[in-house]
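**Q** In case you want the letters, here they are:
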Amino acid sequence: MTTLTKEAGAPTPAGAGPLLSVRDLHVSFKTEDGIVRAVDGLSFDLERGRTLGIVGESGSGKSVTNLTILGLHNPMFTTVEGEILLDGRELTTARESELEKLRGNKVAMIFQDPLTALSPYYTVGRQIAEPYMKHNGASKKEAWQRAVEMLGKVGIPNPVERAKDYPHQFSGGMRQRAMIAMALVCDPDLLIADEPTTALDVTVQAQILDLLKDLQQEFGSGIIFITHDLGVIADMADDIMVMYAGGAVERGTTGEVLRAPRHPYTWGLLNSMPRLDSDLGAPLSPIPGSPPSLLTPPSGCRFHPRCTFQDRVEGTGRCVRERPLLAPDRASACHLTADQKRTIFIEEIKPRLG
Amino acid sequence: MTEDIVLPASREKNAGVDGEPLLQVSKLTKHFPVKGGFPIRRTIGAVQAVDGIDITVHAGESFGLVGESGCGKSTTGRLITRLLQPTTGTISYRGQDISHANRKQLAPIRSEIQMIFQDPYSSLNPRQTVGKIISGPMEINDINPEGGREKRVRELLEIVGLNPEHYNRFPHEFSGGQRQRIGVARALALEPKLIVADEPVSALDVSIQAQVVNLLQKVQKELGIAFLFIAHDLAVVRHFSQRVAVMYLGKIIEVGDRDSIYTRPRHPYTHALLSAVPEVNLTDEDSAGARERIRLAGDVPSPISPPSGCRFRTRCWKAQDKCAAQEPPLIQISGNRADHLTACHFPEEPTIEGRDEDIVLDPALAALEEGQAE
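Protein chains in written order, with UniProt numbering: chain W, 1 to 354; chain E, 1 to 374.
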């Protein structure tokens with residue numbers, strides 16, 4: 001059963017405020033081993049036409065957050081608390097029939113693996129036409145024409161003929177293009193892209209990323225872009241949210257987070273990633289340890305068992321006792337003072353980035 | 001995980017005369033038959049996974065092999081470890097031709113060429129303890145190190161940064177990064193001279209990748225083991241390998257020392273590959289245009305019927321009639337440094353600086369960008 005703590009708020013007029021607003025979201029799953037707190041107190045906003053990049057490792061809660069927005073979690077084992085407001089409309093309490101009207105229409109999703117996300121039984125054209133028929137009441141013929149038009153737009157050569165093909169007849173890059181066409185067919189306000197290029201080759205990835213960027217300019221959708229690759233995020237996002245063990249640890253514009261990061265985890269990510277122009281003499285500087293289990297998350301700051309800066313925080317054991325909060329806007333969830341963060345980054349982290 | 005692991009003194013420096021290659025591969029091909037037809041299934045074609053490649057790996061050197069999926073890099077690794085039988089061509093290990101050696105002839109060589117696999121979840125037997133997994137190779141080769149196998153396994157666990165007390169644990173008790181360390185320990189158990197590492201870090205999380213790359217690098221340097229490092233991540237390969245070969249559709253299209261490939265590439269595909277890597281720009285100023293931007297059209301063609309002549313020509317912006325008619329040889333073209341070989345009729349300038357105009361071959365991208373420019 002889904003337990004809900006908050007009543008649906010009074011709907012605000014559409015157009016005012018952010019497109020999507022997530023407030024203090026908690027998602028937990030019941031498993032045989034205990035309760036997994038996959039998302040633990042997450043808040044963020046997304047404006048129309050902007051791209052929010054969510055970076056994090058596996059198990060950081062980035063995918064769960066977005067499945068919850070779409071209501072795709074299994075209500076039998078999932079507890080959702082908090083608010084998700086899309087255009088002022090509360091989604092956590094929304095009925096399944098309401099969500100059905102949103103999915104594929106106002107909110108669309110691009111999945112990581114296009115081969116498993118597309119149905120092998122139906123032609124690509126039919127799969128793209130279906131949401132258009134359902135949500136816009138278009139006739140079969142109109143919807144098919146729209147599907148062909150969309151396929152052409154995402155760069156499938158000879159779309160009239162290729163719309164009649166089945167997914168297995170498409171190559172990996174073309175399938176992902178078909179997924180993008182399907183997601184954009186109803187001109188959604190919000191597009192969630194969950195690692196859309198991770199399964200693709202680097203030259204195809206570059207095409208798909210550029211295509212998404214160009215299409216966003218045309219369609220004006222807000223995009224949530226989930227990835228573990230900082231390079232991809234730097235290329236795609238306007239704003240970045242870094243997630244670790246179910247919560248956001250740092251947030252800001254892309255420039256702010258990548259050029260002047262303030263959280264030890266973000267420093268660790270930047271440092272551990274080899275780049276095409278990094279110094280070859282020195283070994284990489286990995287983050288020690290491994291991500292925590294969400295069955296028994298660490299007390300206080302979730303990152304403290306792997307953090308090498310906790311002894312600089314004033315007040316012994318503060319990182320172990322007290323969970324640092326993430327303020328709105330540009331912020332990082334860490335007990336270090338703003339001055340310390342700035343000096344540590346400039347003096348110790350930046351030189352190693354080369 | 002501790003990063004300051006003390007490695008035991010290296011065994012005798014790599015036998016073999018200096019300069020003599022440890023591994024020499026020439027004209028290696030591997031074609032997988034494609035069956036079809038009804039009612040009698042016949043061979044109707046072949047996937048030309050690897051089609052005539054030459055590789056030389058010297059003792060103690062790390063050689064990188066990069067390319068996109070389906071270019072034949074993993075098949076090459078499996079051919080070299082002789083997990084697959086080559087169709088034609090020769091693989092010689094320390095002067096001995098092993099390309100068609102039988103099981104018995106291979107046995108002594110198998111212990112010197114080891115492999116590290118991509119997926120640490122499927123490459124370890126879930127029903128065996130870590131001790132059993134790592135001592136397995138010693139058992140098979142009937143090697144009894146001084147002080148017993150268990151002592152050696154504990155030593156190996158320490159080398160790869162695991163707790164020797166984990167000897168009796170099972171793989172499922174470890175995280176992905178730790179499992180990959182077990183895989184490394186197993187590969188080191190027989191003191192190999194060459195390790196073929198097939199995408200050893202691509203299944204791991206970003207923060208764990210660096211740990212394993214550092215471990216491999218330490219092993220490579222301190223134990224003097226030669227590596228054939230197969231990966232699709234260009235930055236990781238650059239970090240790990242002294243020499244790099246770029247593969248496309250079963251062929252090596254460019255090979256050279258790291259510096260030549262990454263800063264002075266000549267083949268258009270190498271240019272496209274490097275320009276496609278998404279990079280974090282850490283400098284304060286907006287330096288768009290500092291790197292070249294090349295967006296190829298479409299995907300890699302099928303290796304069942306690869307294009308004639310140069311295999312890259314169908315996606316190349318410089319392709320001319322000559323490229324279809326004549327396959328470019330892998331040679332040192334003028335302007336290349338020694339040992340930097342390129343297979344191209346119309347090579348690019350040796351620079352990765354931005355060009356005056358981006359090369360956008362993708363029709364959808366070009367159309368959208370033109371629409372926005374207006």
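These are calculated hints, taken from the structure and not from any lab test. Fair warning: there could be bad hints in the mix.
Claimed, not checked - Think about it this way: if two alpha-carbon atoms lie no more than 27 Å apart in a straight line, the pair counts; the simulated DSS-like pairs of lysine-lysine are:
no., chain 1, residue 1, chain 2, residue 2
1, W, Lys-141, W, Lys-164
2, W, Lys-164, W, Lys-140
3, E, Lys-132, E, Lys-104
4, E, Lys-218, W, Lys-350
5, E, Lys-151, E, Lys-218
6, E, Lys-35, W, Lys-164
Stated by the list, open to error - Non-contacting residues of chain W with respect to chain E, defined by C-beta distances greater than 12 Å in every case (computed):
no., residue
7, Asp-24
8, Phe-29
9, Leu-209
10, Ala-282
Positions of the beta carbon are idealized from the N, C-alpha and C atoms, including for glycine.
**Q** Work down the list of hints and note, for each, if the structure agrees.
**A** Taking the hints in turn, this is what the structure says about them:
| no. | hint | in the structure |
| --- | --- | --- |
| 1 | W/Lys-141 with W/Lys-164 | 13 Å, holds |
| 2 | W/Lys-164 with W/Lys-140 | 14 Å, holds |
| 3 | E/Lys-132 with E/Lys-104 | 24 Å, holds |
| 4 | E/Lys-218 with W/Lys-350 | 24 Å, holds |
| 5 | E/Lys-151 with E/Lys-218 | 21 Å, holds |
| 6 | E/Lys-35 with W/Lys-164 | 26 Å, holds |
| 7 | Asp-24 | 27 Å, holds |
| 8 | Phe-29 | 20 Å, holds |
| 9 | Leu-209 | 7 Å, violated |
| 10 | Ala-282 | 10 Å, violated |
This entry does not satisfy hints 9 and 10, going by the numbered hints stated previously.
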